[in-house]
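Starting from the structure of chain A, add chain B where the hints point.
Residue numbers (my numbering), protein chains in the order written: chain A, 57 to 289; chain B, 57 to 289.
Keep in mind that the hints were calculated from the coordinates and are not lab data. Please read all numbers here as calculations on a predicted model, not as lab measurements. One or more of the hints may lead you astray.
Same chains, same label: a pair holds when it works inside one copy or across any pair of copies.
Cut-off 25 Å, straight-line C-alpha distance, at most; resulting in silico cross-link-like pairs (BS3-like, lysine-lysine) [stated by the list, open to error]:
no., residue 1, residue 2
1, K165, K130
2, K59, K155
3, K130, K61
4, K165, K265
5, K84, K272
6, K272, K160
7, K272, K88
8, K227, K155
2 protein chains.
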Amino acid sequence: MKKIKALALDIDGTITDSQRLLSINAIKTIRKVENSGIPVILVTGNTAVYTYALTTSIGTTGGVVGENGGVMFKEGYKNNETIVFADKKYIDKAYNYLKENLTKEHQLKIVDDQYCRLSEVAFYRTMNADIIREILKDWNVKVYDSGFALHITDQNINKGITLEKLAKILKINPDNIMGIGDSENDLDFLDHVGIKIAVANASSNLKEKADYVCKKPNGDGVMEAVEKFIFND
Amino acid sequence: MKKIKALALDIDGTITDSQRLLSINAIKTIRKVENSGIPVILVTGNTAVYTYALTTSIGTTGGVVGENGGVMFKEGYKNNETIVFADKKYIDKAYNYLKENLTKEHQLKIVDDQYCRLSEVAFYRTMNADIIREILKDWNVKVYDSGFALHITDQNINKGITLEKLAKILKINPDNIMGIGDSENDLDFLDHVGIKIAVANASSNLKEKADYVCKKPNGDGVMEAVEKFIFND
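Pulled out of the complex, with its shape left as it was, chain A reads as follows (with noise of 0.2 Å):
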């Protein structure tokens, strides 16, 4: 087993339930692994100043991968700025377009924190994102569903290959990270990472890239992972 260094976790249905409550278990595990010397990771679909309550209210210190990717901080509003890994005015200019091209019977409503979105444009689910794809299939765009809302990404940008450049900031190696999510999404975070685990309720095709199925879920899954392959118990 490769040592462990840092401990980078997918937030929503790994460190959450379904319902996005935090586990009690989750945040006693992570900062155990904080003060063992580890620093935790977010690594999350979430907007920067978003993760950032939870960095501060958990106590993590590795820094956060957000908007799936198209963000990225180590410190926060305290000494840095976010990074954004998009060129938010083409995004914009493509959101433009799909609503110019929609027809009337596709409403788009935008989410009421789009203000605080830095690299991508998001709206709430009120059409199969098949119909935006289709709109949208000569732009150099990508559209995913996150359940919550659409979202309109830079297509190069992902949570794996901006883990890569934070783990760079951190003087990690990616292979002496350990990785920790539950969907789709996910995946392409633990492809970037040298440890991956995959919590109880994670979707199957994670399950099958996983090295480690967790017996339990969600933040329970989190605890087990971690007693076992860093405290080794």
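Positioned in the frame of chain A, the structure of chain B alone reads:
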């Protein structure tokens, strides 16, 4: 003792410790209160989107008073937009005037999440707030020092006034709200609730105002007050 129909909690220093780490006892207490049918309201100087991360992760349903009363939401981003109680354009003008009238030795650095602030302008504490108050003495603004940043805000707004507006939406009489806080900027907040609680680490003038001062600090104090006055232990 009046019947408690909602619990209103300050965040920093009340449900967190002085390093802004969320208290696990506070999370457990909040969830117990919510499960008993009593909504929990977060009352804070933080932004709407930062606080939304906490309402979602902890599981509060009473809504949020944010930016020290400058913003308010009941549900967050699913159903309602955040309501802003300030003339932001006027605040921006005051900020521009400040920038033009500062002497060279005083440098302003706007906070990195200013793009998420809807009712105020905040900048890092690179100078004494009194210098700013002097320059802006003819403007209808309030300048306060949150310990984290300096804020230019609407002078007619505070946590308590906005909490009353949220109470109206919740159809709860403020007299039936138990409020818990720790600092100077919770004075207005406790003024507007029926049951006023100060945690053990609270400032002395807040303790003087309180109906009850907890023996324990921060989240442990929240648990103590809730067990005593809501669950009558």
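Verification of the hints:
For the identical chains of this complex, K165 and K130 are inter-copy neighbours only, at 19 Å across copies versus 32 Å inside a copy, given an alpha-carbon limit of 25 Å. In this assembly of identical chains, the alpha carbons of K59 and K155 never lie at most 25 Å apart, being 49 Å within a copy and 51 Å across copies at closest. Taking the shortest Cα distances, K130 and K61 sit within 25 Å of each other inside one copy (16 Å), while across copies they are farther apart (41 Å). Neither within a single protomer nor between protomers do K165 and K265 lie at most 25 Å apart by alpha-carbon distance, with minima of 35 Å and 46 Å respectively.
For a Cα distance limit of 25 Å, the shortest separation of K84 from K272 qualifies both inside one copy, at 16 Å, and across copies, at 21 Å. Taking identical chains as interchangeable, the C-alpha atoms of K272 and K160 are never at most 25 Å apart, the minima being 46 Å within one chain and 59 Å between chains. In this assembly of identical chains, K272 and K88 lie within 25 Å of each other by CA distance both inside one copy and across copies; the values are 19 Å within and 24 Å between. In the homo-oligomer, the alpha carbons of K227 and K155 never lie at most 25 Å apart, since the shortest distance is 43 Å inside one protomer and 39 Å across protomers.
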